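J.: This is what each chain is made of:
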Amino acid sequence: MDAATLCLAMIGFASLLSVFATIMAVLDRDLLRAALFSALQSTLYAFLFYVLMAPDIVLVYVAVAVGIYPLLIVLLIKKVGRFEEVGR
Amino acid sequence: MDLESWVTTFLSYAIPLYLLAFAIYVARMFREPRRVPDLVLVVDALSYDLAAFLVILSILLRTPITIPCAIALVLWIYALDIYVAKYLESKELG
Amino acid sequence: MVGDPKTLVALIVLFSLYANLGASMYGVIARKNLVKKLICLTMLGDTVNVFAILVGYRLSRGGTPVPPVFTEWSKASEKLLANFVSRSVDPLPQALVLTAIVINLAVTIFLATLILYTHRHFGTVEMDRVSEMKKGELVDEVEVS
Amino acid sequence: MATMLSWILVVLGQVLVAIGIACDLIAAILMHRLRSFYLRIHALTVGSIGGAVVPLIGAALIAAGSDFLGTYRWYVAGGAVVTAAITFIMAGAGTHAIARAVLRTRAVEEEPSSGA
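Chains as they are written, first to last, in this note's numbering: chain A, 1 to 88; chain B, 89 to 182; chain C, 183 to 327; chain D, 328 to 443.
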């Protein structure tokens with residue numbers, strides 16, 4: 001196994017796993033859980049940026065998408081309620 | 089066998105095992121019980137292992153300048169822990 | 183042709199990203215909750231950023247790609263520079279995406295403030311109820327005037 | 328003599344990385360197998376201390392012993408040690424915060440029960 005093949009394998013792996021996280025985040029009715037799935041997707045995307053050789057993007061993206069977006073969503077659902085309404 | 093090819097061979101065989109562990113972690117997130125504290129535990133474990141994996145990857149790919157990514161990842165995952173814990177305790181964040 | 187590993191991985195990555203794009207666009211359009219729309223909007227922006235980074239990536243012949251940071255400059259190192267240029271990825275999409283991430287953050291915070299004021303005004307963040315209440319308010323205004 | 332020292336450092340680091348991979352797989356399987364939240368905290372400890380701190384120190388040793396990385400190998404080694412130290416503190420603190428919040432709010436059932 002040479003390193004270039006491993007890079008390709010890791011790119012495919014990270015993007016495949018992020019699909020499941022995105023679908024779960026869209027379909028879940030609990031908004032806090034959706035925020036956590038979104039954080040999982042952001043972590044996988046940070047890994048994807050790393051393997052795509054963009055370390056400066058990783059430094060910004062981790063702080064914004066793992067750090068500040070969940071803080072924003074948690075503050076928001078503390079005010080507006082945690083669960084989506086069913087059947088409307 | 090010289091040192092460089094020895095290290096490269098070892099780390100190349102380490103990579104698929106790490107990827108297998110990540111796949112098992114992500115598969116845990118889609119199983120019941122799927123309450124919020126369980127998900128936080130899985131995201132934590134995944135991210136800390138990912139930080140270790142990034143350091144190993146930077147040795148394998150010979151790109152030493154990508155080390156600070158791991159430090160930033162560990163710090164912000166700790167922040168995510170604190171947000172969710174304070175929400176569950178229903179205190180004010182801050 | 184698909185048996186080639188590079189082509190196969192490229193197809194996997196592209197289809198995964200298109201699936202992400204489609205799922206988050208479905209969330210933005212079809213979900214009724216405004217906070218869910220906000221979460222899906224952040225995921226949509228991130229996926230588009232990944233597309234932009236993917237344009238600048240390339241597989242070089244002489245080993246793995248390196249990030250666009252040149253660390254070992256010296257006077258007699260034209261060969262080093264040529265090697266670096268043949269291996270590094272494109273820095274221009276990275277600079278663009280760096281700006282896009284920060285602007286996404288600003289837009290998201292603005293939308294979160296709007297959602298908060300919607301909740302204070304109407305008492306709900308479900309889109310159907312908000313539109314029903316707005317219809318009622320319009321009728322009230324017409325009757326008063 | 329330097330090459331001998333390099334080999335010793337690299338082999339020590341590889342032993343630590345191998346231990347880390349084993350702990351990582353064990354923690355991933357334990358996340359599936361253990362049956363309650365308070366038991367899964369143990370799996371998180373195995374995954375974060377055994378699976379992250381130990382291979383980070385191993386990676387620092389490998390980087391310090393690898394001459395082919397150039398001068399920047401000390402950067403890698405220092406960064407790995409700093410990441411290990413931060414993980415060692417932050418993983419425990421974050422897990423403690425989550426467990427305390429869950430225990431106070433009774434968000435999950437208590438199993439095995441504390442008897443109180």
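Honestly, the hints are just simulated from the structure, not real lab data. On a predicted model such as this, the values are computed, not experimentally measured, just so you know. Hints should not be assumed to be uniformly reliable.
[Claimed, not checked] No more than 35 Å apart at the CA atoms, straight line, and that leaves these computed lysine-lysine pairs for DSBU-like:
| # | chain 1 | residue 1 | chain 2 | residue 2 |
| --- | --- | --- | --- | --- |
| 1 | C | K317 | A | K79 |
| 2 | A | K79 | B | K174 |
| 3 | B | K174 | C | K219 |
| 4 | C | K317 | A | K78 |
| 5 | A | K78 | C | K188 |
| 6 | B | K174 | A | K78 |
| 7 | A | K78 | C | K316 |
| 8 | C | K317 | C | K214 |
| 9 | C | K316 | C | K188 |
| 10 | C | K317 | C | K219 |
| 11 | C | K188 | B | K174 |
| 12 | C | K214 | A | K78 |
| 13 | C | K188 | C | K261 |
| 14 | A | K78 | C | K219 |
| 15 | A | K79 | C | K261 |
| 16 | C | K188 | A | K79 |
| 17 | C | K317 | C | K188 |
[What the hints assert, rightly or not] With beta-carbon atoms standing in for the labels, derived distance ranges:
| # | chain 1 | residue 1 | chain 2 | residue 2 | range |
| --- | --- | --- | --- | --- | --- |
| 18 | C | T281 | D | V342 | 40 to 48 Å |
| 19 | D | R360 | C | I211 | 22 to 30 Å |
| 20 | C | K316 | B | A111 | 42 to 50 Å |
| 21 | A | K78 | C | W255 | 49 to 57 Å |
Just so you know, even glycine gets a beta-carbon here, dropped at the ideal spot from N, CA and C.
J.: If a hint holds in the structure, say so; if it does not, say that too.
T.: Outcome of the hint check:
With a C-alpha separation of about 25 Å, the suggested pair K317/C and K79/A falls inside the 35 Å cut-off, and the hint holds. With a C-alpha separation of about 14 Å, the suggested pair K79/A and K174/B falls inside the 35 Å cut-off, and the hint holds. A threshold of 35 Å between alpha carbons decides the hint, and for K174/B with K219/C the separation of about 24 Å falls inside it, so the pair holds. The hinted pair formed by K317/C and K78/A meets the criterion: a straight-line CA distance of about 28 Å does not exceed 35 Å.
A distance of roughly 46 Å separates the Cα atoms of K78/A and K188/C; the hinted pair therefore is violated under the 35 Å criterion. Note on K174/B and K78/A: the hinted pairing holds, with a Cα-Cα distance of about 11 Å set against a maximum of 35 Å. Distance restraint check for K78/A and K316/C: the Cα-Cα separation of roughly 25 Å lies within the 35 Å cut-off, and the hinted pair is therefore satisfied. Distance check on the hinted pair: K317/C and K214/C sit about 17 Å apart at the alpha-carbon level, within 35 Å; holds.
Between K316/C and K188/C the CA atoms are separated by roughly 54 Å; this puts the pair beyond 35 Å, and the hint is violated. At roughly 22 Å between alpha-carbon atoms, K317/C and K219/C fall within 35 Å of each other, so this suggested pair holds. A C-alpha spacing of about 46 Å is found between K188/C and K174/B, which places the hinted pair above 35 Å, so the restraint is violated. Distance restraint check for K214/C and K78/A: the Cα-Cα separation of roughly 18 Å lies within the 35 Å cut-off, and the hinted pair is therefore satisfied.
Taking the CA atoms of K188/C and K261/C, the gap is about 29 Å. The hint holds against a cut of 35 Å. Restraint check: the Cα-Cα separation between K78/A and K219/C comes to about 17 Å, which is no more than 35 Å; the hinted pair holds. Restraint check for K79/A and K261/C: not satisfied, since their Cα atoms lie roughly 60 Å apart, outside the 35 Å limit. A threshold of 35 Å between alpha carbons decides the hint, and for K188/C with K79/A the separation of about 48 Å lies outside it, so the pair is violated.
At most 35 Å may separate the alpha-carbon atoms for a hinted pair to count; K317/C and K188/C exceed this at roughly 55 Å. Separated by about 45 Å at the C-beta atoms, T281/C and V342/D satisfy the suggested range of 40 to 48 Å. Distance hint check: the CB atoms of R360/D and I211/C are about 40 Å apart, inconsistent with the given range 22 to 30 Å. At about 47 Å, the CB distance of K316/C to A111/B agrees with the hint of 42 to 50 Å.
With their beta carbons about 51 Å apart, K78/A and W255/C fall inside the hinted range of 49 to 57 Å.
Taken one by one, the earlier hints fail for this structure at numbers 5, 9, 11, 15, 16, 17 and 19, listed in ascending order.
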